[in-house]
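Line by line, the protein sequences are chains A and B.
Here the first sequence is numbered in the working numbering, starting from 1 and rising by one per residue.
Here the second sequence is numbered in the working numbering, starting from 1 and rising by one per residue.
Just so you know, the hints here were simulated from the structure itself, not pulled from any lab data.
A quick note: this is a predicted structure, and the numbers were derived from the prediction, not measured.
We put the CB at the ideal spot given by N, CA and C, even for glycine.
Treat the hints loosely; a few may be bogus.
[What the hints assert, rightly or not] Derived DEER-like restraints, expressed as beta-carbon distance ranges:
no.: 1; chain 1: B; residue 1: GLY48; chain 2: A; residue 2: LEU35; range: 48 to 56 Å
no.: 2; chain 1: B; residue 1: GLY536; chain 2: A; residue 2: GLU107; range: 49 to 57 Å
no.: 3; chain 1: B; residue 1: GLY536; chain 2: A; residue 2: PRO126; range: 38 to 46 Å
no.: 4; chain 1: B; residue 1: GLY48; chain 2: A; residue 2: ASP49; range: 55 to 63 Å
no.: 5; chain 1: B; residue 1: PHE371; chain 2: A; residue 2: ASP92; range: 14 to 22 Å
no.: 6; chain 1: A; residue 1: ALA18; chain 2: B; residue 2: GLY197; range: 29 to 37 Å
no.: 7; chain 1: A; residue 1: PHE116; chain 2: B; residue 2: PHE371; range: 39 to 47 Å
[What the hints assert, rightly or not] A partial selection of chain B residues facing chain A, derived with a Cβ cut-off under 10 Å:
no.: 8; residue: GLY159
no.: 9; residue: ASN161
no.: 10; residue: ILE370
no.: 11; residue: TYR578
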Amino acid sequence: MKRRWRWLLPLAAVPVLALLAYGFVLDPRNIPSPLVGRPAAAFTLTAFDGTPLALDPLRGKVVVVNFWASWCNPACYDEAPVLERAWRTYRDRGVVVVGIDMQDTAEAAREFIRRFELTFPNAPDPGGKVAVEYGVYGVPETFFVDRAGTIRAKHVGAVTDEVIRGTLERLL
Amino acid sequence: MIPEVGYGALVVALVLAVLGAVTAAVGARTRRAALVESAQHAALVVAGILTACLALLIYAFLTFDFSVRYVAMNTNLGTPFYYRMTAVWGALEGSIMLWAWMLAIYTLIVMLRHRRNARELYPWVLTVMLGVLAFFLLVMTVPAPVFQRLTPAPADGRGLNPLLEDSGMITHPVALYLGFTGFTVPFAFALAALITGRVTDFWITATRRWTIAAWYFLSLGLLIGGWWSYHVLGWGGYWAWDPVENAAFMPWLTGTAFLHSVMIQERRRMLRLWNLALVILTFTLTLFGTFLTRSGVIASVHAFTQGSIGIFFLTFLSLVVLVALGLLAWRWETLGAQGELDSVVSRESAFLLNNVLLVAATFTVFFGTIFPLVSEALRGIKVSVGMPFFNQVNVPLFLGLIFLMGVGPLIAWRRASIDNLKRNFLWPAVVGIVGAAVVFALGVRSTLAVLSLALAAFVSATIAVDVARATRARVRVGEAIPRALGGLLLRHNRRYGGFIVHLGILVIALGVTGSQAWSVQTETTLRPGEHAELAGYRLRFDGLAASEESNHFKVTGTFTVDGGRAGGTVLQPAKKFYPQEQSPIAYVDYRLGLLEDLYVVLGDFARDGSQATIKLQVNRLVSWIWIGGLVLTLGAALAVAPERRKPA
Numbered sequence: 001m002k003r004r005w006r007w008l009l010p011l012a013a014v015p016v017l018a019l020l021a022y023g024f025v026l027d028p029r030n031i032p033s034p035l036v037g038r039p040a041a042a043f044t045l046t047a048f049d050g051t052p053l054a055l056d057p058l059r060g061k062v063v064v065v066n067f068w069a070s071w072c073n074p075a076c077y078d079e080a081p082v083l084e085r086a087w088r089t090y091r092d093r094g095v096v097v098v099g100i101d102m103q104d105t106a107e108a109a110r111e112f113i114r115r116f117e118l119t120f121p122n123a124p125d126p127g128g129k130v131a132v133e134y135g136v137y138g139v140p141e142t143f144f145v146d147r148a149g150t151i152r153a154k155h156v157g158a159v160t161d162e163v164i165r166g167t168l169e170r171l172l
Numbered sequence: 001m002i003p004e005v006g007y008g009a010l011v012v013a014l015v016l017a018v019l020g021a022v023t024a025a026v027g028a029r030t031r032r033a034a035l036v037e038s039a040q041h042a043a044l045v046v047a048g049i050l051t052a053c054l055a056l057l058i059y060a061f062l063t064f065d066f067s068v069r070y071v072a073m074n075t076n077l078g079t080p081f082y083y084r085m086t087a088v089w090g091a092l093e094g095s096i097m098l099w100a101w102m103l104a105i106y107t108l109i110v111m112l113r114h115r116r117n118a119r120e121l122y123p124w125v126l127t128v129m130l131g132v133l134a135f136f137l138l139v140m141t142v143p144a145p146v147f148q149r150l151t152p153a154p155a156d157g158r159g160l161n162p163l164l165e166d167s168g169m170i171t172h173p174v175a176l177y178l179g180f181t182g183f184t185v186p187f188a189f190a191l192a193a194l195i196t197g198r199v200t201d202f203w204i205t206a207t208r209r210w211t212i213a214a215w216y217f218l219s220l221g222l223l224i225g226g227w228w229s230y231h232v233l234g235w236g237g238y239w240a241w242d243p244v245e246n247a248a249f250m251p252w253l254t255g256t257a258f259l260h261s262v263m264i265q266e267r268r269r270m271l272r273l274w275n276l277a278l279v280i281l282t283f284t285l286t287l288f289g290t291f292l293t294r295s296g297v298i299a300s301v302h303a304f305t306q307g308s309i310g311i312f313f314l315t316f317l318s319l320v321v322l323v324a325l326g327l328l329a330w331r332w333e334t335l336g337a338q339g340e341l342d343s344v345v346s347r348e349s350a351f352l353l354n355n356v357l358l359v360a361a362t363f364t365v366f367f368g369t370i371f372p373l374v375s376e377a378l379r380g381i382k383v384s385v386g387m388p389f390f391n392q393v394n395v396p397l398f399l400g401l402i403f404l405m406g407v408g409p410l411i412a413w414r415r416a417s418i419d420n421l422k423r424n425f426l427w428p429a430v431v432g433i434v435g436a437a438v439v440f441a442l443g444v445r446s447t448l449a450v451l452s453l454a455l456a457a458f459v460s461a462t463i464a465v466d467v468a469r470a471t472r473a474r475v476r477v478g479e480a481i482p483r484a485l486g487g488l489l490l491r492h493n494r495r496y497g498g499f500i501v502h503l504g505i506l507v508i509a510l511g512v513t514g515s516q517a518w519s520v521q522t523e524t525t526l527r528p529g530e531h532a533e534l535a536g537y538r539l540r541f542d543g544l545a546a547s548e549e550s551n552h553f554k555v556t557g558t559f560t561v562d563g564g565r566a567g568g569t570v571l572q573p574a575k576k577f578y579p580q581e582q583s584p585i586a587y588v589d590y591r592l593g594l595l596e597d598l599y600v601v602l603g604d605f606a607r608d609g610s611q612a613t614i615k616l617q618v619n620r621l622v623s624w625i626w627i628g629g630l631v632l633t634l635g636a637a638l639a640v641a642p643e644r645r646k647p648a
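Excised from the complex, chain A in its bound form (with noise of 0.2 Å):
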């Protein structure tokens, strides 16, 4: 071989090593939900204070369906004060933001509300139902509706004030 040829040696890794670099792009969780676009699946559940929870008699409203629990920390223990924020800022602009607390046990969760002071709607969900329905993968996953009760966004992980804010301007 050639004298300078033998400088292609190392170059013949280059193209691999981009391409792996390239899969950092790439996002492997972003699968897109097939529920975009659907209407919401309805639900009828207790919430924690007894009371009924339901998403019929919120059609008209834009809801925001938050999946969590008490054990999926940090991911649930970071976006808890953004819930709760949103909540404050947005419910007289007609959003309810719903809680619904997966394979839980009802003391920890409990624990839980207590802790971050969450005053909108949670309800555990016994059997996981509700979170079949709506294709939860694992939590926290959180679900946009809108007025006419369609799903329009689907985010996966801790939401941020930025994600909540950004959603709810376009729904609103």
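Since chain A is already given, all that's left is putting chain B on it; use the hints.
Leaving out everything else, chain B in the frame of chain A:
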């Protein structure tokens, strides 16, 4: 306290590792022994710190210290004692910690063994080892800190991934990482050889036993992983060509190639460049495996969680590849072969062909693994290639390798005469053909199965021919047969250890062939009292029972083999419901046997116990895979023992 102390100690270790690497390099350039000495001290302290940190982490797990985030994430008050140990390396951060600790210990052993006998290379070996160690310490302090405080400390943790609650998970990662990290040593010697320009054969003889040990641990790790997959995952198989499995398999393939090609260099002074390239490739692939499983670039069923760690690994991987290949290019001129290939029919060419096949297998596995990425880059579609691709391409390659396993050790060096071929291979070939005929007569009609069994017979016969001939030679000079055999194994431990490893691989191949060709399965829904039938087994469904375990809820089905084969055996597969998991975890029950395993998985069931769906499998010859692993262990132990005989 623990998070802060641990973190601080790791930062100190990182600084020391970097300083040590630089000092050793400067010491090597300026030939100042004092500098190398102080680099050694740094390595010593780093190993001490890592050992203390590992102990600290174990302590945090045993005492449920949930103020450590990693502990809170991977254990809870219900986690049984043993699994709190596996939890230590059950997730990303801890696994990196285990890795770094092993690397530090290896560095110490290198210091003890080679401080005096590898004078010129040694400081550079130290530089490379400490450099790699520094990278892992960087990962442990920046993107994946194992010691991180969780405030407020929760009253209970999240719990370990239930799939990892298995004894196999105590040993599997340990064995695998001992293999992965073990290849750092030959890699460090190879780089040292390139840097100093002493690219003779010394680095190879110095690291021979390191390579065998690393290869063995990697093999063991793969086998235990297969066993875990077989008896925990509950899909009835042991290997699925999953990206994570491939990630561990690729360095095994190139490592195997390296193990063989160094023999050519030792004997014939050929393949210098090739051997350096192979060891660089092997080490790079261990890093690539870590990158793959921890970056989230390719989704896999058991990939670790992701984060910025992928970027760190890719950067380091690129650095290693570019520097190592750059050095190779720089030393190109001095790497010319001295020996030449005399004939195509010779041991050299058998070994070369073995290397070509192994590298081809590596390439196909690599390509299949990153194919989703290629496809998305070129066409924007997520596609992955499945088991059929890997099997179709690799099975012929592996059959070829088994054939060479018979040819390589016996064929003459340089040029094999017709006489030599006849003397060594006439009887084995006859045995192979007779074997094929017998297997066919017994009713086996699968071409692949017949071929693979015939090849196994051929290779076993070559080994028998060699052992018989060597024993006879010793008996002729007056030794008794057992003594002659023992002497053979001990005095030529490398050669005969290698043979035993080959036998182990044959036994594994037998298990793989049998399970692929003759396993049967059925899926059926039963009411209590009803029977499922498969391959002569009659399995009666007796009922379901629920129980509350320390950290999960469990529904167990009871099935009794009713009369006939294995009559009276009770199997109790279950489904385990963990509060922190979305879906239940299957708990397989099985009855292992030398010829076949009866294997039951509980599927869906009615809550009132009125019916249950089961998957029933009769898996043939699978046990031989694990037995082959034991044989392989024996052979590797023999091969790695110090050689009694001075090399000719």
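Hints and how they fare:
no.	hint	result
1	GLY48(B) / LEU35(A): 48 to 56 Å	holds (55 Å)
2	GLY536(B) / GLU107(A): 49 to 57 Å	holds (52 Å)
3	GLY536(B) / PRO126(A): 38 to 46 Å	holds (44 Å)
4	GLY48(B) / ASP49(A): 55 to 63 Å	holds (56 Å)
5	PHE371(B) / ASP92(A): 14 to 22 Å	violated (53 Å)
6	ALA18(A) / GLY197(B): 29 to 37 Å	holds (31 Å)
7	PHE116(A) / PHE371(B): 39 to 47 Å	holds (45 Å)
8	GLY159	holds (8 Å)
9	ASN161	violated (13 Å)
10	ILE370	holds (7 Å)
11	TYR578	holds (9 Å)
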